[in-house]
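Can you build the whole structure from these sequences, using the hints too?
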Amino acid sequence: MAEEARFLRMDPELRKANLVAATLTCLKKYGFVGTSIRKICAEAGVSVGLISHHYAGKDELVADAYLHITGQVMSLLRESVASAGDGARQHLSAFFEASFSPRMLDPELLEAWLAFWGAVKTADAINRAHDHSYGEYRTIMGDALRLLAQEEGWEAFDSGLAAIGLSALLDGLWLECGLNPSTFTPAQGVQICEAWVDGLQMGGYQRFIRS
Numbered sequence: 001m002a003e004e005a006r007f008l009r010m011d012p013e014l015r016k017a018n019l020v021a022a023t024l025t026c027l028k029k030y031g032f033v034g035t036s037i038r039k040i041c042a043e044a045g046v047s048v049g050l051i052s053h054h055y056a057g058k059d060e061l062v063a064d065a066y067l068h069i070t071g072q073v074m075s076l077l078r079e080s081v082a083s084a085g086d087g088a089r090q091h092l093s094a095f096f097e098a099s100f101s102p103r104m105l106d107p108e109l110l111e112a113w114l115a116f117w118g119a120v121k122t123a124d125a126i127n128r129a130h131d132h133s134y135g136e137y138r139t140i141m142g143d144a145l146r147l148l149a150q151e152e153g154w155e156a157f158d159s160g161l162a163a164i165g166l167s168a169l170l171d172g173l174w175l176e177c178g179l180n181p182s183t184f185t186p187a188q189g190v191q192i193c194e195a196w197v198d199g200l201q202m203g204g205y206q207r208f209i210r211s
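Counting in full-length UniProt numbering, the sequence shown runs from 1 upward without gaps.
Be aware that a few hints might be false.
Claimed, not checked - For each label pair, taking beta carbons as the anchor points, the in silico distance ranges come out as: (1) E155 / G31: 42 to 50 Å; (2) G31 / D171: 19 to 27 Å; (3) Q206 / H53: 49 to 57 Å; (4) S47 / H132: 29 to 37 Å; (5) T185 / G153: 33 to 41 Å; (6) G45 / R207: 50 to 58 Å; (7) R38 / I192: 37 to 45 Å; (8) E136 / A195: 19 to 27 Å.
Unchecked claim - Simulated pairs of lysine to aspartate or glutamate, DMTMM-like, Cα-Cα distance not exceeding 20 Å: (9) K121 / D64; (10) K28 / E108; (11) K16 / E43; (12) K121 / D131; (13) K28 / D59; (14) K39 / D59; (15) K28 / E111; (16) K28 / D64; (17) K28 / E60; (18) K39 / E111; (19) K29 / E111; (20) K121 / E60; (21) K29 / D106; (22) K39 / E60.
It is worth saying that the hints were derived from the structure and are not from the lab.
Every residue gets a Cβ at the ideal spot worked out from N, C-alpha and C, and that includes glycine.
Here it is in structure tokens:
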């Protein structure tokens, strides 16, 4: 009861942050299917009834936790790109370096991400959270690729389609590096991504020219 009383005295946004943290802990422990409102409340030290003050149910709470995590990731990527200088290759290199940084390869982040991916098609709220975060991710990458096309003079270059391809490469590398770090080093992950962009500049960009 003392824990719940303290929770009630918190600022509403801090209460939500605590519930998000408890949700992330439960997702890591039990996965999406095994996580329940009761387990989240037990982890947060509050009663089940308090959830309804902030969320319609488990799906909405998990979606908020998803947006919380992806918001941190997007901030890291944007900050890295913004501090990289003016050139497109510098932006892309900073994006790759940040993607394979210790913060991004944190095992706890991987566990949370796997839980979110497993839940994406189970509820509209979680699916919308995924669409929002993936769209933002592609936008950051697409902006850098669009700048590269401008610098190189590539007419009618579809930076959005190229961003889908590059994000798929990055997602696969990030996932494999997290699941089995012995497969390749983070530096080699960056090297592979740089080689992909090298391929664009050596003629591969023509695959992404709008007809």
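Hint check results:
| no. | hint | verdict |
| --- | --- | --- |
| 1 | E155 / G31: 42 to 50 Å | 48 Å, holds |
| 2 | G31 / D171: 19 to 27 Å | 20 Å, holds |
| 3 | Q206 / H53: 49 to 57 Å | 56 Å, holds |
| 4 | S47 / H132: 29 to 37 Å | 31 Å, holds |
| 5 | T185 / G153: 33 to 41 Å | 35 Å, holds |
| 6 | G45 / R207: 50 to 58 Å | 54 Å, holds |
| 7 | R38 / I192: 37 to 45 Å | 44 Å, holds |
| 8 | E136 / A195: 19 to 27 Å | 25 Å, holds |
| 9 | K121 / D64 | 16 Å, holds |
| 10 | K28 / E108 | 8 Å, holds |
| 11 | K16 / E43 | 13 Å, holds |
| 12 | K121 / D131 | 11 Å, holds |
| 13 | K28 / D59 | 16 Å, holds |
| 14 | K39 / D59 | 14 Å, holds |
| 15 | K28 / E111 | 6 Å, holds |
| 16 | K28 / D64 | 16 Å, holds |
| 17 | K28 / E60 | 17 Å, holds |
| 18 | K39 / E111 | 18 Å, holds |
| 19 | K29 / E111 | 9 Å, holds |
| 20 | K121 / E60 | 13 Å, holds |
| 21 | K29 / D106 | 16 Å, holds |
| 22 | K39 / E60 | 15 Å, holds |
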